[in-house]
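Visitor: Quick note, the sequence shown lines up with residues 1 to 427 if you use the working numbering.
FYI, nobody ran anything at the bench for these hints, they're computed from the structure. Beta carbons: idealized from backbone N, C-alpha and C, even for Gly. Just so you know, not all the hints are guaranteed correct.
Cβ-Cβ distance ranges computed for the label pairs, FRET-style [claimed, not checked]: (1) Thr-4 <-> Thr-383: 15 to 23 Å; (2) Asp-310 <-> Ala-374: 47 to 55 Å; (3) Leu-9 <-> Pro-302: 28 to 36 Å; (4) Ser-212 <-> Ala-400: 24 to 32 Å.
Cross-link-like lysine to aspartate or glutamate pairs, in silico, DMTMM-like; alpha carbons within 20 Å at most [claimed, not checked]: (5) Lys-385 <-> Asp-398; (6) Lys-324 <-> Asp-409; (7) Lys-372 <-> Glu-32; (8) Lys-324 <-> Glu-91; (9) Lys-377 <-> Asp-336; (10) Lys-385 <-> Glu-352; (11) Lys-377 <-> Asp-398; (12) Lys-377 <-> Asp-33; (13) Lys-324 <-> Asp-94; (14) Lys-324 <-> Glu-360; (15) Lys-372 <-> Asp-409; (16) Lys-385 <-> Glu-366; (17) Lys-324 <-> Glu-352; (18) Lys-385 <-> Glu-360; (19) Lys-372 <-> Asp-33; (20) Lys-324 <-> Glu-366.
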Amino acid sequence: MPPTITPALVNADLGLAADVPADQTTRSVQFEDPGVIRLVHGGTCTAPQAALSRDVLGVIRTGVKVSDHIDVPPQYDQATVFLNGWYAAYEHGDHHVVGLAAAIFNIQQSGGVLSWDAGGVLSDHNGDDDFEWCYFYTVAMWRSGAGAHGSPILFSHINATVFDRGDVDALTFPFPDFGDATDAYREQRFSSAGQGGLPRALLPRGFGAAFSDDDHHLLQFGLKFGDLTVIEPQARTQPPPARRFGAVRFYGPTAGVVAADPPAPHSEWDFETILKDNSVRRYFAAEMVSMLTGSGVHFVQPSLALVPLDGLDFGEGCIYSPAKTRSQTVTVPNLDFDYAVPVLTGWNLNYECGDEHVQEVGTWIESFHYVKGANGKGTLTYTIKSRLGDDGNSTGFDAAQQVSILGLDKTPGVTVNLPPSRAVLVR
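Construct the entire structure; sequences and hints are all you get.
Guide: Shown next, in the form of structure tokens:
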């Protein structure tokens with residue numbers, strides 16, 4: 001991987017991945033309030049393919065990609081898809097890791113269809129080992145009132161606008177050379193150009209991480225897309241301190257952009273990763289996100305601390321569990337939102353007793369549902385799974401996730417002024 005990584009290069013590399021057929025696919029509606037919102041969750045796995053391949057024209061391809069789409073009914077004028085988990089496994093045995101990635105890109109909505117590409121990789125240095133790759137996604141479609149079928153005044157809708165297409169480079173954030181004390185605080189800016197207002201929610205679209213020198217065993221892979229915070233503008237008197245991770249700032253609409261300080265409130269978040277074996281090594285990382293704006297959007301993020309680990313061996317009293325799969329069903333009660341969606345915004349996967357080869361690795365939202373009670377409070381239930389292991393039984397693994405909650409509220413339809421006996425509420 002080159003020493004200088006730009007957003008354009010990240011997106012170009014995704015486009016150069018090898019097109020492969022889907023080997024397995026699942027998709028189901030998790031929730032629908034007809035005419036207001038529909039939530040669909042799915043997953044797709046590819047047929048085994050080497051990380052490095054050459055097409056019929058002799059072009060070298062890195063990683064794999066698949067194309068996907070879903071029909072959007074005419075009552076929903078807004079739709080987006082975001083990454084809600086990933087999984088990769090070497091087809092034959094376990095190996096070192098030089099890098100791993102998963103991303104959703106080329107999102108388009110046209111003619112009642114939402115389409116996108118998805119791609120990723122798991123590879124050692126040679127790139128000649130076949131691997132299976134899976135991604136898990138959630139599609140949200142809703143009536144925003146901006147251009148839906150029917151008057152936004154008469155019909156219930158959700159005040160929300162998505163930014164996931166157009167200038168995709170502005171929503172791609174690569175950071176070279178994570179991993180030692182020289183890493184600096186980095187700022188990025190993106191303007192919503194007056195459309196939709198201040199960014200309120202961050203939706204993952206992709207990530208990548210790779211050692212910069214060679215392939216290695218894996219001890220720990222942790223990533224947080226970022227804890228989103230709304231910040232009021234204030235003067236900066238000194239540069240921010242150096243950090244072990246990059247910081248990203250996403251700015252709302254402004255009358256003009258001032259280099260020193262934002263002239264309007266903005267949202268900011270920190271992108272944080274850990275990729276290591278028993279030693280500390282330099283590596284590259286990148287994230288891709290979508291943003292949601294609007295008064296109907298809310299975002300709740302629990303804490304997840306990423307702490308670099310040191311490898312232990314059995315002689316130092318390491319206690320391990322040999323399970324290669326962890327599954328947990330979580331219930332979150334007493335939510336005040338009309339609708340709620342779990343969003344996998346962070347994870348930490350690590351072997352318990354030192355670094356190892358990798359045969360499989362991943363974490364994903366398996367399913368979810370949301371129910372509102374008679375008291376108006378909602379309950380969100382979701383199942384999350386994780387896997388990490390070599391092809392033996394030498395060690396177990398630990399898994400922790402940050403599952404944020406995307407809350408959406410609807411604006412009800414209005415009462416039409418008809419004669420008293422005929423007044424109705426239009427949905």
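Visitor: Give a verdict on every hint.
Guide: Each hint tested on the structure:
no., hint, in the structure
1, Thr-4 <-> Thr-383: 15 to 23 Å, "violated, 41 Å"
2, Asp-310 <-> Ala-374: 47 to 55 Å, "holds, 52 Å"
3, Leu-9 <-> Pro-302: 28 to 36 Å, "holds, 33 Å"
4, Ser-212 <-> Ala-400: 24 to 32 Å, "holds, 26 Å"
5, Lys-385 <-> Asp-398, "holds, 12 Å"
6, Lys-324 <-> Asp-409, "violated, 39 Å"
7, Lys-372 <-> Glu-32, "holds, 13 Å"
8, Lys-324 <-> Glu-91, "holds, 16 Å"
9, Lys-377 <-> Asp-336, "holds, 5 Å"
10, Lys-385 <-> Glu-352, "holds, 18 Å"
11, Lys-377 <-> Asp-398, "violated, 33 Å"
12, Lys-377 <-> Asp-33, "holds, 16 Å"
13, Lys-324 <-> Asp-94, "holds, 14 Å"
14, Lys-324 <-> Glu-360, "holds, 9 Å"
15, Lys-372 <-> Asp-409, "holds, 13 Å"
16, Lys-385 <-> Glu-366, "holds, 7 Å"
17, Lys-324 <-> Glu-352, "holds, 12 Å"
18, Lys-385 <-> Glu-360, "holds, 13 Å"
19, Lys-372 <-> Asp-33, "holds, 12 Å"
20, Lys-324 <-> Glu-366, "holds, 16 Å"
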